[in-house]
Structure formats: C-alpha cells, structure tokens
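Here the protein sequences come in this chain order: A and B.
To convert, note that position 394 of the first sequence is 394 in full-length UniProt numbering; the numbers rise steadily by one, no gaps.
To convert, note that position 44 of the second sequence is 44 in full-length UniProt numbering; the numbers rise steadily by one, no gaps.
Hints in this document: simulated from the structure, not taken from any laboratory.
One or more of the hints may lead you astray.
[What the hints assert, rightly or not] Label-pair distances were calculated between CB atoms; the ranges are:
#: 1; chain 1: B; residue 1: N261; chain 2: A; residue 2: N403; range: 51 to 61 Å
#: 2; chain 1: A; residue 1: Q86; chain 2: B; residue 2: N109; range: 52 to 62 Å
#: 3; chain 1: A; residue 1: E568; chain 2: B; residue 2: Q48; range: 16 to 26 Å
#: 4; chain 1: B; residue 1: G96; chain 2: A; residue 2: Q523; range: 31 to 41 Å
#: 5; chain 1: B; residue 1: A89; chain 2: A; residue 2: T313; range: 40 to 50 Å
#: 6; chain 1: A; residue 1: G375; chain 2: B; residue 2: Q48; range: 34 to 44 Å
#: 7; chain 1: A; residue 1: G375; chain 2: B; residue 2: F312; range: 32 to 42 Å
#: 8; chain 1: B; residue 1: A331; chain 2: A; residue 2: Q503; range: 21 to 31 Å
#: 9; chain 1: A; residue 1: Q523; chain 2: B; residue 2: D168; range: 43 to 53 Å
Backbone N, C-alpha and C fix where the C-beta goes; we use that ideal spot for every residue, glycine too.
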Amino acid sequence: MSYLSSRLRLHFAGKFQASVSTVNNDVKHFDNATFKPSYQERQDKLHMNGWWNPDGDGVWRLLGCDITAAYNADGTKPATTDAIYQCSVADSDDSAPAKIVDLDPEQQMVSTIFGLQVRIADGHGNTLMRGFFDPGPFTELWLKIVGGGGDLAMGAMWQSVVTATEWGDLSNSPFLQDLKAAADANTGLLSMKFNVDCYSMTWPTTGASAESPPGSQFCRGRIVGTLGPASAAEPKHFILGRQLMIPEAATQNLNPYINYCAAVVDETASVVRLDLGNALQINPDGTQVDNGTLTLSVIQGSTPVALGTIPYTQPGWYQATAGVVEVPVTAAQLAIIADNPLSLALSGYPDSPTAEPQGGLYVRADLFVFRMSPGDTQAVTFYATAYGQPYTSQEITFDYNTNGLQAGPTDPDVGTPTSALTFPASITTDTVAGTATLTLTAANPGNPRHYIDGQVYGVGYGLANQGALYPSNIWNFVSVLVFDTFVPDNPITWYGSMQPIFQQYANLYPVMARFVDLGDYLQVVGYAQMLQLAFSLPEEDPNAMPVTRDLSPAKRKAILEWLQNPLEGTPPATPKALETTVPAAPTEEALSKGGKAAAFSKRLAFQKP
Amino acid sequence: MILLKSNLVESLETGGKPAVLHALQQAIQLEHATIPPYLYAMYSLGQQTDNAAVADIIGSIVAEEMLHMTLACNVLNAIGGHPVIDTPAFTPDYPGPLPGGVESGLIVNLAPFSLDVVKNVFMEIEEPQDPNDYPETATLLEANGQAGVTIGQFYDEIKKQLIALGEDAFTGDPARQVQPPFPEGGIVTDLASALEAIDIIIDQGEGTGTTPLAGEDGELAHYYKFAEIYYGHALIKNPNAKPTDPPDQQYYYGGAPITYNASEIAQIPTNPKAADYPSGSAQRHAMDNFNYTYTSLLKGLHDLFNGQPDTFRRTLGAMMSLRQQALDMMAGTNLPGPIGPSFEYQPVNPA
Numbered sequence: 001m002s003y004l005s006s007r008l009r010l011h012f013a014g015k016f017q018a019s020v021s022t023v024n025n026d027v028k029h030f031d032n033a034t035f036k037p038s039y040q041e042r043q044d045k046l047h048m049n050g051w052w053n054p055d056g057d058g059v060w061r062l063l064g065c066d067i068t069a070a071y072n073a074d075g076t077k078p079a080t081t082d083a084i085y086q087c088s089v090a091d092s093d094d095s096a097p098a099k100i101v102d103l104d105p106e107q108q109m110v111s112t113i114f115g116l117q118v119r120i121a122d123g124h125g126n127t128l129m130r131g132f133f134d135p136g137p138f139t140e141l142w143l144k145i146v147g148g149g150g151d152l153a154m155g156a157m158w159q160s161v162v163t164a165t166e167w168g169d170l171s172n173s174p175f176l177q178d179l180k181a182a183a184d185a186n187t188g189l190l191s192m193k194f195n196v197d198c199y200s201m202t203w204p205t206t207g208a209s210a211e212s213p214p215g216s217q218f219c220r221g222r223i224v225g226t227l228g229p230a231s232a233a234e235p236k237h238f239i240l241g242r243q244l245m246i247p248e249a250a251t252q253n254l255n256p257y258i259n260y261c262a263a264v265v266d267e268t269a270s271v272v273r274l275d276l277g278n279a280l281q282i283n284p285d286g287t288q289v290d291n292g293t294l295t296l297s298v299i300q301g302s303t304p305v306a307l308g309t310i311p312y313t314q315p316g317w318y319q320a321t322a323g324v325v326e327v328p329v330t331a332a333q334l335a336i337i338a339d340n341p342l343s344l345a346l347s348g349y350p351d352s353p354t355a356e357p358q359g360g361l362y363v364r365a366d367l368f369v370f371r372m373s374p375g376d377t378q379a380v381t382f383y384a385t386a387y388g389q390p391y392t393s394q395e396i397t398f399d400y401n402t403n404g405l406q407a408g409p410t411d412p413d414v415g416t417p418t419s420a421l422t423f424p425a426s427i428t429t430d431t432v433a434g435t436a437t438l439t440l441t442a443a444n445p446g447n448p449r450h451y452i453d454g455q456v457y458g459v460g461y462g463l464a465n466q467g468a469l470y471p472s473n474i475w476n477f478v479s480v481l482v483f484d485t486f487v488p489d490n491p492i493t494w495y496g497s498m499q500p501i502f503q504q505y506a507n508l509y510p511v512m513a514r515f516v517d518l519g520d521y522l523q524v525v526g527y528a529q530m531l532q533l534a535f536s537l538p539e540e541d542p543n544a545m546p547v548t549r550d551l552s553p554a555k556r557k558a559i560l561e562w563l564q565n566p567l568e569g570t571p572p573a574t575p576k577a578l579e580t581t582v583p584a585a586p587t588e589e590a591l592s593k594g595g596k597a598a599a600f601s602k603r604l605a606f607q608k609p
Numbered sequence: 001m002i003l004l005k006s007n008l009v010e011s012l013e014t015g016g017k018p019a020v021l022h023a024l025q026q027a028i029q030l031e032h033a034t035i036p037p038y039l040y041a042m043y044s045l046g047q048q049t050d051n052a053a054v055a056d057i058i059g060s061i062v063a064e065e066m067l068h069m070t071l072a073c074n075v076l077n078a079i080g081g082h083p084v085i086d087t088p089a090f091t092p093d094y095p096g097p098l099p100g101g102v103e104s105g106l107i108v109n110l111a112p113f114s115l116d117v118v119k120n121v122f123m124e125i126e127e128p129q130d131p132n133d134y135p136e137t138a139t140l141l142e143a144n145g146q147a148g149v150t151i152g153q154f155y156d157e158i159k160k161q162l163i164a165l166g167e168d169a170f171t172g173d174p175a176r177q178v179q180p181p182f183p184e185g186g187i188v189t190d191l192a193s194a195l196e197a198i199d200i201i202i203d204q205g206e207g208t209g210t211t212p213l214a215g216e217d218g219e220l221a222h223y224y225k226f227a228e229i230y231y232g233h234a235l236i237k238n239p240n241a242k243p244t245d246p247p248d249q250q251y252y253y254g255g256a257p258i259t260y261n262a263s264e265i266a267q268i269p270t271n272p273k274a275a276d277y278p279s280g281s282a283q284r285h286a287m288d289n290f291n292y293t294y295t296s297l298l299k300g301l302h303d304l305f306n307g308q309p310d311t312f313r314r315t316l317g318a319m320m321s322l323r324q325q326a327l328d329m330m331a332g333t334n335l336p337g338p339i340g341p342s343f344e345y346q347p348v349n350p351a
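Model the full assembly from the supplied sequences, consistent with the hints where possible.
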C-alpha cells in the first residue's frame with residue numbers, strides 16, 4: 001500500500017519554509033584560496049556574491065498545514081464529529097527543525113530533507129501521531145506557474161515513508177484509529193507525499209510594515225500533501241502504479257501542460273485514483289490555470305476512450321484534494337485499462353496529452369541519491385512495471401550519464417574518473433515482483449575537482465527493450481557523490497589537515513558564525529565539546545554537522561579524533577598566494593533567477609552531448 | 001533584591017511533603033524565568049563583536065541558571081515529584097515579576113543590554129540578602145520594605161523542610177535525573193546530596209556571604225559577575241588587605257577592564273510580543289518560528305527531566321537553534337529590521 005493505493009488517507013494544505021543556504025550554490029566558492037568575503041553577501045544587480053540567501057540556515061519547516069480532507073478505507077468521509085478535522089500536520093515539537101540540503105553544487109536538483117519529524121497534532125499542538133520522515137530528495141521539478149519567474153514559477157514533490165513511533169489519545173477519531181491500525185500492520189509505516197510551489201525568493205524590504213509587505217514570504221511557499229498507509233513491500237519514494245509521461249517536446253524546458261504523474265487502478269473500488277498534485281499548471285496567485293476540460297482516457301488502439309473528467313478548476317480543489325482524485329470506471333473499462341495506456345488531456349491543448357507510452361513500460365530506482373566513500377558498496381533497488389504490473393525477468397541497463405548534473409563551462413568537470421564509481425552494465429528483474437538490485441561500488445576519485453571533495457556522478461538507466469526513444473521520466477537517474485580518500489596528518493593538527501576543512505565550512509555556511517568562527521583555531525578549540533557532539537550525530541539528526549551533509553566520513557572521523565586532542569601544529573611557512581582569477585560576471589538571467597530555476601537552466605545550457 | 005511572596009515559606013513550614021514538592025516546582029520556574037531576560041540582553045550584544053567579554057560573562061551565568069534548573073529538577077525527582085515544564089503557565093510573562101515574586105517588587109523585562117538593566121534588574125535578581133559592598137560600588141537599591149523573603153531564604157526553607165521529611169522522602173527513581181556537567185555529584189539520592197545540590201544553587205547565585213566566590217570553583221557568584229560588568233572592571237583581591245580586615249575590604253573592582261561597544265548593541269524593542277507584528281509579516285513569521293522552537297525546547301526539557309535523560313542531545317539542538325534564530329532576529333537577517341524574540345509559549349506554528 002501507499003498513500004495512493006489505499007482509499008484511507010488524509011490531505012493537508014498550508015505553507016512550508018525552506019531557508020536554504022546559498023553560498024555553496026556556486027562550486028567555485030568551495031575554493032578556499034580564492035574565496036572572498038563578498039561571497040557571504042547577498043547578490044545585487046551586478047554581483048552574484050553568495051546568491052540570494054547567504055544567511056540561510058538550511059531549515060525546513062511545515063507551517064499551519066491544516067488537514068483539509070480525510071477518507072475512510074471504504075472511500076466515505078469520516079463523520080463530521082471525528083477529531084481529524086480539527087487537526088494539522090506539523091513538524092517536530094521537541095527538537096530543532098529539519099534541514100534541507102543539496103547533494104553537491106553540481107547536482108542541486110535532488111535536495112534532500114533530513115531530520116523531519118511529521119506529527120498529526122490537535123488544535124492545541126498535542127501530538128496524536130509522531131513519526132520520522134525517511135530522508136529523501138525532491139523530484140519532478142517543473143515550470144508550474146504560468147507567467148511567474150524564478151523559483152516562484154517552479155513546482156516539485158517529495159515522497160517518502162514516515163515511521164510512526166508514538167500515537168496519542170485517538171478516542172475522538174475513529175479515522176486515526178483506522179490509520180494507526182493500518183500502520184501497525186506494517187511496522188508503523190505511513191506513506192507521505194507533498195507538493196510544493198509558489199516558493200518566494202523575494203527579500204523583505206527594509207522598513208516594510210504593512211500587512212503582507214513585499215518579501216514577507218521570503219523562503220516560504222505553498223504545500224499540499226497526502227498521508228496514508230504504507231507497506232514495506234512497496235517503494236518508499238514513488239508510486240508502484242501507472243506512470244504518465246510528459247510529451248517529449250516539454251522535457252527540454254520543463255513546461256508541460258500536465259506534468260509527470262502517477263495513477264493506481266483500484267479494481268476493488270472500481271476507480272482509477274490519480275495524483276495530480278504536482279501535475280497541473282497554476283497562476284501566480286496559486287489558483288489553477290483553466291486549460292479547459294481535463295479528461296482521463298484510456299487509449300484503445302489509437303483512439304482515446306474517455307473515462308471521466310476532473311473538476312480541477314473548482315475553488316479550493318487543490319487544497320481539499322492535494323491533487324488526489326478518483327475516476328469511477330466500469331468493469332468493462334477496467335479490462336481495457338489493464339493493458340492499454342492511460343492518458344490525460346486538456347481540452348485547451350488536446351494535442352499535448354500526458355500519457356502512458358504504448359506498452360506501459362517503466363523502471364525506477366526507489367531511493368536515487370547517495371553519498372559514498374571509497375570502498376563502499378551501495379545497493380539500489382529498482383522496480384520495473386508494465387501497465388503497473390511487475391515486469392519480470394527483464395534487463396535493466398545502466399550507463400554513465402551526466403546530462404542531469406549542472407557543471408558550467410568554467411566549473412570542474414563531473415562524472416570523471418568513471419573508475420571511482422562502477423556498476424554492472426545490466427541487471428535482470430526477478431520473476432515475481434519485477435524488482436532488481438543494482439550494486440554501486442565506489443573507489444577513490446583522486447580529487448579530480450581539486451578544491452571540492454570527491455566527485456559527483458549520474459547513473460542513467462532504462463529497460464533494455466524500451467529503446468532509446470521510448471518516453472521516460474527525465475528525472476529518473478541515480479545521483480552519487482563519491483568522496484575522496486582522506487588521510488589526515490599524524491598526529492592530526494589544525495594546520496596539518498583540519499584548517500582547510502573548517503575554513504571551507506566557515507566560508508560556505510556563514511550562519512555558523514552565530515556560534516563560532518570555524519576558521520579560528522582558538523575559537524574552534526573553545527567550542528570543541530559542542531563540535532564533538534554535533535559532528536558525532538547521524539546525518540538524519542536535525543543538528544548533525546555539517547548541516548550541508550557534504551563531509552566525508554573519513555574527514556568526520558579525523559575531526560572527531562582531532563577534537564579529543566586539538567593540536568595546533570605549525571603554520572605554513574608562507575601563506576598560499578591568492579589566485580587573481582576574476583570570476584565571470586553573471587548573466588542577467590542568472591541574477592534574476594538564482595535558485596533551482598537557475599541551476600536547471602545551467603544544466604540545459606551546458607549539458608554535454 | 002528579589003523578594004518572593006512570604007506565603008511561599010509559610011506554606012512550606014506547615015504543608016508537609018506536598019508543600020515541598022510545590023516549592024521545588026516553584027524553584028524550577030523561578031530559575032528558568034531568569035534565563036530569557038539574560039539571553040535577551042546577551043544576544044543583543046551581537047556575536048563576533050567587541051562585546052564578547054560581556055556576553056561571555058552573561059553566558060556563564062545563564063549556564064549556571066540552567067544547572068540550577070537541573071538540580072532543582074533532580075531534587076524534585078528524588079522525592080518522587082514530577083517537574084512540569086511544558087505548559088503555558090510555566091513561561092513567565094514579560095514584563096512582570098519573577099514566578100513567586102511579590103507583585104509590587106522587581107519587574108523583569110526582556111530588554112537589550114544596558115548598564116541600567118544590569119544594575120537595576122540583573123543585580124537585583126541575584127542580590128544576596130547582605131551583599132558585600134566592595135569599594136567603587138554605587139549605593140545599592142534598598143529593599144522596598146515590603147514583606148517577603150529572599151531567594152536564599154526560600155531555598156533555606158526548602159532545605160529545612162527536606163531535613164524534616166528525612167531520608168524516607170527520597171523515594172524517586174534516580175534514573176529519572178539528569179547528570180549535570182560535574183566530575184561527580186549532582187544526582188540526588190538522599191538528604192545529603194539534596195542539601196548539597198541546593199547549596200550549589202544558593203552559592204552560585206548569591207555567594208557565601210564572606211567571599212564573592214561561589215563555593216570551591218573560584219568562580220564569582222552571579223551578583224558579583226554582573227557587578228563587574230556594571231563597574232567595568234574585574235573584581236580582584238585587594239593586595240593590601242589583611243586577613244583580619246572586613247570582607248568588603250578583601251576585594252575591589254580594579255581588575256582588567258570589562259568594556260563593551262554600545263554601537264554594536266542591537267536596536268531592538270523591550271518586551272516584544274509576537275502580536276506586535278501583523279499576521280503575515282516577515283517579523284511575525286520569525287517570532288512564530290522562534291516561539292515554536294522555544295516551546296519545543298520546553299517540551300524537550302519536560303521529557304528530559306521526566307525520565308528520558310537520553311533526550312539531552314535533542315534539547316541541546318533546540319537550544320542551539322534558538323540561539324541562531326535570536327541572533328538572526330537581532331541582526332535583522334532577512335527581515336525589514338532588527339527585532340527581538342518574545343519567549344512565548346506557542347505549541348502551533350501557523351502559516
């Protein structure tokens with residue numbers, strides 16, 4: 001079960017905050033030798049500096065996410081007296097807020113949330129359910145807002161599981177009792193998906209005092225989501241079901257009328273259940289763009305047979321449904337749907353449907369972002385399906401593919417050497433579930449990017465019999481950061497091997513100066529106890545250092561060892577000469593965008609053939 | 001000096017164990033209530049500035065107030081009580097008297113750092129019953145003559161009643177207690193360790209009467225640390241004093257200068273409230289986030305002091321988050337201008 005395979009579910013709508021830190025958005029800022037204090041300042045009309053939020057602390061929050069709807073397992077709604085209607089979906093109430101971080105400055109399109117607690121809370125904030133969100137990246141970024149700009153224009157989604165560890169007094173909510181029973185039957189697992197949009201990069205204006213002044217939404221955006229049961233047998237990060245692909249032409253600029261989306265055919269309930277939460281265009285004010293009638297069809301031969309329409313333009317539809325809708329189908333239609341493509345089309349754009357390809361073939365890695373050290377192996381679970389059914393005994397092929405990464409023309413190259421990340425050319429799905437496990441093996445990249453640790457890789461994949469032109473999801477590739485081998489000096493000293501690490505952290509994450517100047521030996525030593533604590537936390541912990549989760553385990557180990565006995569060592573005889581290279585002036589377009597939109601356009605502009 | 005309501009002591013004298021439990025809960029609230037005003041002033045001094053020396057002094061006092069809160073919780077746990085920290089009533093309302101304080105007594109504010117605040121609020125809070133009047137002190141404010149007891153008298157009465165209750169009172173599970181950062185001690189298992197814990201609280205806050213030092217660790221009692229800031233010099237031993245000279249001749253405020261740069265102090269309001277800022281404004285969002293984290297910290301501390309000592313790291317993380325948020329607010333980071341946090345109980349973080 002996932003939130004989409006069961007009718008038992010709740011929807012929520014509210015705001016989120018993602019106070020991302022942006023000094024590290026430019027890979028060149030990792031170079032301690034050329035780092036300038038201005039890189040910690042906010043960008044202006046002429047200079048990119050530290051991009052648009054150098055003071056970002058990486059915090060991720062759920063804000064005022066009211067529960068807008070709930071459904072019982074039979075598809076009915078809980079009684080109006082059910083306490084669920086007075087509840088909200090909230091984050092941690094007993095620890096620091098969660099963090100959101102990029103994998104690497106050259107792969108900013110898989111930002112992952114770490115340390116997120118998800119709670120169902122009553123109107124007073126009392127916990128009725130507490131769970132822990134499995135860290136996972138966003139995906140399916142697209143230009144969701146028509147007529148918007150920058151990241152404001154973009155939408156994306158997260159899907160993961162929440163392991164419930166605590167339930168409160170559920171006596172006033174039969175719905176939550178059912179949800180708990182469903183979770184308990186699956187080791188406490190719940191399935192969560194949320195869609196984000198309307199993210200604001202507009203700075204608060206000095207002196208602004210009016211209500212909702214410009215910039216009051218800085219680093220905040222809109223969120224809607226769904227929470228339902230999960231099972232360990234299903235993937236954590238995507239829907240095992242029917243996968244609708246955007247038209248080929250829309251893949252270049254991420255501008256489909258209907259984005260990638262998934263559906264589940266529920267034969268018991270005789271419905272097709274779709275999640276359109278990250279799939280439909282909106283206006284800058286958040287309302288749905290009226291692109292005409294939205295019809296779900298099944299393509300029989302080459303003819304669409306309409307199954308039903310979706311009332312997506314009704315006021316409040318998005319908040320009340322989080323985009324999850326059911327289209328009733330007959331037994332006869334179910335039979336046709338079983339082995340024919342589903343298609344969604346808008347009457348305003350009938351020639352640009354988002355649809356399953358003929359054959360309905362799909363393959364996806366469940367979790368698809370990894371951080372590895374030399375010598376590590378990493379198992380990656382793949383699921384192959386045909387029209388949502390297990391696609392058994394099929395070959396999945398792999399290749400090195402950096403198209404999805406974002407190295408600019410003057411940035412260090414990505415994906416080399418390939419010897420530092422190896423994997424078989426193909427694997428075969430099993431005979432029952434259509435699953436297969438890829439083993440990634442990491443070796444020492446040998447510091448190919450010089451001033452930044454390790455190397456970032458993209459691993460492309462597809463089904464052998466899909467063929468190169470078969471419609472697929474452009475976000476479906478595996479991103480891997482492989483750290484360099486690191487051997488500290490012996491004994492470990494500040495000047496020997498610690499200073500460059502701490503200095504880089506201090507440069508890239510100015511918020512740390514709220515506690516200690518990490519570039520200053522005496523301050524670091526004075527703060528050793530706290531640093532020891534923070535560096536020893538698991539990366540799932542909201543307080544783990546580094547916040548950016550981009551420190552190799554080898555360096556972390558050396559830091560912890562050094563903090564036990566923080567020797568200073570000998571300063572270098574002559575300070576390293578500063579390079580005088582002047583960074584290229586940013587384009588006006590880059591300055592106007594800055595965030596994910598800018599990162600993606602970099603990808604488009606500079607991707608290799 | 002701070003005067004607590006006399007009935008706190010009176011009810012202790014006659015109320016038996018329930019009254020002692022109540023008094024220790026009151027003590028926990030009192031120790032906590034001093035922390036937001038101290039933090040507010042400390043954070044207003046900025047970070048990585050010329051004001052680090054002053055901020056460090058206040059920070060060392062905050063750390064000891066946290067320790068006192070821990071010790072009071074340990075004593076309460078030791079006699080079978082349960083600290084209550086995660087309720088709206090636990091958080092003081094600023095401006096106002098400290099918990100248990102006489103209504104017409106000292107009013108405590110959340111205010112940016114100033115010598116006036118140090119002298120007329122912080123030194124008042126920490127003033128011993130009979131402070132040593134070291135040279136170069138200004139005339140200290142007289143107690144206002146109202147009926148009341150000092151914090152020291154309050155703790156003395158708790159000690160007296162613990163002695164009266166005897167060893168049989170120590171029925172609590174020691175596993176519910178939190179180990180303070182001492183080499184040894186701090187966990188309360190019997191009368192002797194309870195009295196020792198309370199003596200630490202009294203000594204660190206008020207000193208021992210004959211010396212400004214707080215017990216054996218050579219640190220100054222809080223009152224004298226604040227006085228150092230006020231007089232702008234470290235309190236040092238008077239080399240000319242003979243052992244037979246009176247206590248207030250043994251030290252003087254003539255040590256290393258303790259200075260600050262007023263221009264670096266954050267220009268923030270006194271006694272802010274989240275409601276001062278319109279719903280939907282950037283300032284309100286920052287206030288709400290801070291108060292939600294503050295409330296999360298209180299909930300975490302509640303767990304910590306109620307049998308979940310392994311939540312220590314979690315609460316420490318929340319404290320670090322609060323520090324950063326407060327400093328960002330006072331620096332006006334991503335805000336139309338600097339503001340200060342209000343330390344209000346807020347268990348829901350609105351959109």
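Consistency of the hints with the structure:
Judged by the Cβ atoms, the range 51 to 61 Å given for B/N261 and A/N403 holds: they are separated by roughly 54 Å. Separated by about 36 Å at the C-beta atoms, A/Q86 and B/N109 break the suggested range of 52 to 62 Å. The hinted window of 16 to 26 Å between A/E568 and B/Q48 holds, with their beta carbons roughly 21 Å apart. As the Cβ distance of B/G96 to A/Q523 is approximately 37 Å, the hint placing it in 31 to 41 Å holds.
The beta-carbon spacing between B/A89 and A/T313, approximately 48 Å, falls within the hinted interval of 40 to 50 Å. Between A/G375 and B/Q48 the CB atoms are about 40 Å apart, so this pair conforms to the stated range of 34 to 44 Å. A hinted range of 32 to 42 Å holds for the C-beta pair A/G375 and B/F312, which are about 34 Å apart. Between B/A331 and A/Q503 the Cβ separation comes to about 23 Å, which falls inside the hinted range of 21 to 31 Å.
A C-beta distance of roughly 50 Å is found between A/Q523 and B/D168, which places it inside the suggested range of 43 to 53 Å.
Of the numbered hints listed earlier, the single one contradicted by the structure is hint 2.
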